[in-house]
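In order, the protein sequence lines correspond to chains A and B.
FYI, the working numbering numbers position 89 of the first sequence as 89, with every residue one higher than the one before it.
In short: position in the second sequence from 1, add 1000, done, that's the working numbering.
A portion of the hints provided could be inaccurate.
Okay, derived cross-link-like pairs now, PhoX-like style, lysine-lysine, Cα gap no bigger than 20 Å in a straight line [stated by the list, open to error]:
(1) B:LYS1049 <-> A:LYS103
(2) B:LYS1098 <-> A:LYS103
(3) A:LYS103 <-> B:LYS1058
(4) A:LYS57 <-> B:LYS1098
(5) B:LYS1022 <-> B:LYS1069
(6) B:LYS1022 <-> B:LYS1049
(7) B:LYS1058 <-> B:LYS1069
Don't read these hints as lab results, they were simulated from the structure.
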Amino acid sequence: GAGVSQSPSNKVTEKGKDVELRCDPISGHTALYWYRQSLGQGLEFLIYFQGNSAPDKSGLPSDRFSAERTGGSVSTLTIQRTQQEDSAVYLCASSLARLQGAKNIQYFGAGTRLSVL
Amino acid sequence: AQSVAQPEDQVNVAEGNPLTVKCTYSVSGNPYLFWYVQYPNRGLQFLLKYITGDNLVKGSYGFEAEFNKSQTSFHLKKPSALVSDSALYFCAVKNDYKLSFGAGTTVTVRA
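Required output: the full structure, derived from the provided sequences and hints.
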């Protein structure tokens, strides 16, 4: 597609339920990233994929959080047993291959706003 | 650790006046610096980046940024602000693949 697509745009769930957030990166982008935006913590890095592997999961806040990427394209971020502190906007970004590392521009989707009641 | 700081939570300017959004950085080695803008209920949009070369970087929508090594700053500027520039602006530094963001600055341009 033309840009990074995320779904759903909004998700309201009850505490304790599991949720799945989807990200469809820009076609041809092999690198994919998840960030979280919350009032208290600002913008935080969660995880980075190069192809289907995740060399850096260091930003995942707990073992309730997991992510996978299949076919080098779509990624799913799963939060199990959601808690109220998980409420945030989850942003996905993609970029070209890591050939030039830090020089690559990350392009962001519109995000999924998660509200845990 | 690499980081950026945005010292102002809010910037208010009148339409037609110059706009400056401040950012300072702390890095070891060469800094890779970025500016993004976020409109309500939208994702982050890339404005410009500094990798190397000229200290004045030109980006989208008439924005530019000046890299100052001695002051470790990367301030975002626009000579004549528009009401439509009202948004949340983020400065970021990149370490290989990971972006580290500042807290953001809310810009309000009044008509």
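Right, here's what the structure says about each hint:
no.: 1; hint: B:LYS1049 <-> A:LYS103; in the structure: 8 Å, holds
no.: 2; hint: B:LYS1098 <-> A:LYS103; in the structure: 11 Å, holds
no.: 3; hint: A:LYS103 <-> B:LYS1058; in the structure: 16 Å, holds
no.: 4; hint: A:LYS57 <-> B:LYS1098; in the structure: 11 Å, holds
no.: 5; hint: B:LYS1022 <-> B:LYS1069; in the structure: 14 Å, holds
no.: 6; hint: B:LYS1022 <-> B:LYS1049; in the structure: 15 Å, holds
no.: 7; hint: B:LYS1058 <-> B:LYS1069; in the structure: 17 Å, holds
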